[in-house]
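*Asks:* Generate coordinates for the entire structure from the input sequences, incorporating the hints supplied.
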Amino acid sequence: MSRLMIALALSAALLACRPASSDAPAIKSSGVQASAAPAKAAKAGHNCEDLGTPEKDEVATLKDPQTGATVLATGDKLAGAQAVSVAELLANPEAFAGKTVRLEGNVSAMCTHRRAWFSVQSDDRSGGYVRIIAAPKFLVPEGSIGKRARTEGVVEIVEVPKEQAEHYAAEHQLPPQFKAPVLRATGAEFI
Amino acid sequence: MSFRARLFSLHRDLGYFAFGLTVVYAISGLAVNHRHHWNFNQSAQVSQVQVGTPGQLLTSLPEERRRALQADPQLLTRAEEPLLVSALTEALKRPRPPKNAFWRGPDRLSLFFETGDRDTVDYDPAQGTARQLAMTDRPLLRDMNFLHLNERHGNWTWLADGYALVLLFLAFSGIVMTRGRKGLLGRGGVLLGLGLAVPVTAAVVLRYL
Chain A
1 MSRLMIALAL SAALLACRPA SSDAPAIKSS GVQASAAPAK AAKAGHNCED LGTPEKDEVA
61 TLKDPQTGAT VLATGDKLAG AQAVSVAELL ANPEAFAGKT VRLEGNVSAM CTHRRAWFSV
121 QSDDRSGGYV RIIAAPKFLV PEGSIGKRAR TEGVVEIVEV PKEQAEHYAA EHQLPPQFKA
181 PVLRATGAEF I
Chain B
1 MSFRARLFSL HRDLGYFAFG LTVVYAISGL AVNHRHHWNF NQSAQVSQVQ VGTPGQLLTS
61 LPEERRRALQ ADPQLLTRAE EPLLVSALTE ALKRPRPPKN AFWRGPDRLS LFFETGDRDT
121 VDYDPAQGTA RQLAMTDRPL LRDMNFLHLN ERHGNWTWLA DGYALVLLFL AFSGIVMTRG
181 RKGLLGRGGV LLGLGLAVPV TAAVVLRYL
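Heads up: the protein sequence lines correspond to chains A and B, in order. Positions 1 to 191 (our numbering) are the ones given, in order, by the first sequence. Positions 1 to 209 (our numbering) are the ones given, in order, by the second sequence.
Heads up, some of the hints might be wrong.
As the list claims (entries may be wrong) - Computed Cβ-Cβ distance ranges for the label pairs, DEER-style:
#	chain 1	residue 1	chain 2	residue 2	range
1	A	T67	B	A18	43 to 53 Å
2	B	W156	A	T67	32 to 42 Å
3	A	T53	B	G195	24 to 34 Å
None of these hints come from the bench; they were simulated from the model. Don't be surprised by glycine CBs; every beta carbon is placed ideally from N, CA and C.
*Replies:* Structure below.
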C-alpha cells in the first residue's frame with residue numbers, strides 16, 4: 001500500500017515537471033507612453049494576455065443626455081478629448097501616436113475571460129478595428145459586444161506577436177493585425 | 001479532552017464545513033485550467049440558414065435596383081441597410097428587431113438580438129447565408145467559475161480568504177493528527193516530503209531551468 005502511494009506521488013512529480021511550451025514574446029509598443037502590459041501571449045483558445053487587474057471594478061449606470069438610453073460608464077469620466085474616427089486613426093496612426101483622443105464606435109469583440117480589452121469597429125464596411133486596452137485601468141463590462149462605445153485614452157502603435165494575432169482571429173474573429181494602433185484607455189461608456 | 005482530540009474534532013468539523021467550497025473550487029479549477037481548450041463559461045450553438053442575397057430580400061426596391069444588387073451586393077447604400085436588417089429579421093422569423101446591427105467586414109453584417117453576443121446572426125450578403133450563434137451559460141459551472149474567479153470582488157474576497165485559511169488549517173492539522181509509524185515520523189513524513197517536492201521541483205524546473 002505504502003509503495004503504491006509513493007509511486008503515485010513520484011508519478012505526479014514527474015508529470016508536473018514536463019517542460020512547458022515557451023510563451024510568446026510581449027507586445028512591443030512604439031507609442032510615447034510605454035506599454036505597461038506584461039502581455040503574456042496566448043497560444044490558442046480563450047487565453048488572452050494578462051494585462052493586470054484594477055483595484056476597483058465599478059460600473060456606473062447613467063442616462064445618455066441625447067438619447068435617454070442607459071449608459072454603463074467605467075474607469076475615469078470622459079474628459080472631452082479630441083474625437084477621432086476609427087477609420088481616421090487606422091489611416092494615419094503615426095499622426096496620433098502618444099496623443100489622447102476619443103473614439104466612438106460599435107464593439108465587435110472583447111476579452112470575455114479577463115475583460116481586459118475590447119475592439120471598436122470602423123463605421124464603414126472595411127472590417128477595420130482598433131483594440132482598446134482597458135486593464136489595468138478598468139474592466140470591460142460583461143456583455144459589451146454589440147453595444148456602442150465611447151472611450152478616451154492614449155494612442156500607441158504596437159507590434160502584435162503572430163501567436164496573439166492568430167488568437168484574436170481564431171477566438172475573436174478579428175482580422176489579424178501585426179502592427180496596429182491601440183488605445184490605452186482611461187475610461188469608457190457603453191450604450 | 002487532550003490537544004490531539006480537540007484538533008481531531010476541529011479538523012473533522014471544518015472538513016465537513018469546507019466540503020461545499022472545496023467541490024466548487026476543485027471543479028471550477030479543472031474547468032479553468034483548460035481554458036485554452038474550451039470556453040469554460042459558455043457553450044455555443046451554431047446553425048446556418050440560406051436567407052437570400054440583398055437583391056432577393058429587398059422586395060420593396062425597384063426591379064432594376066434589385067438586379068444591380070443581385071449582381072454586386074457591395075452596391076448596398078447606407079439608406080438601404082435598415083431595409084436589409086428588417087428583411088433579415090423577417091426572413092429569420094425573429095419577433096423583434098435586433099438591438100444593434102453593423103458591418104464587421106465587407107462580407108459580414110452582424111445583427112445582435114440580445115445583449116452582448118448571446119444571440120447574434122452574421123449575414124454574408126454575397127452568399128445570402130445567415131450564421132446564427134447562440135451562447136448560453138453552462139449550468140452550475142458558470143456559477144462555480146463566478147465564485148472561484150472572484151468576478152465581483154467585494155465581500156466574496158474576504159469569504160474566499162477565510163476558506164483559504166480553513167484549508168491551511170486542515171492541511172497543518174492533518175499532518176499532525178496521526179502518531180506512530182503511519183504519522184509524521186513514518187510513512188506520513190515520506191509522503192509529506194514527496195508532496196512538497198512536487199510544487200518545489202515543478203517551480204524550479206518550469207521557471208528557472
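*Asks:* None of the hints should be skipped; say for each whether it holds.
*Replies:* Now the hints, each set against the structure:
1. T67(A) x A18(B): 43 to 53 Å: holds (50 Å)
2. W156(B) x T67(A): 32 to 42 Å: Holds - the Cβ-Cβ distance for W156(B) and T67(A), about 35 Å, lies within 32 to 42 Å.
3. T53(A) x G195(B): 24 to 34 Å: holds (30 Å)
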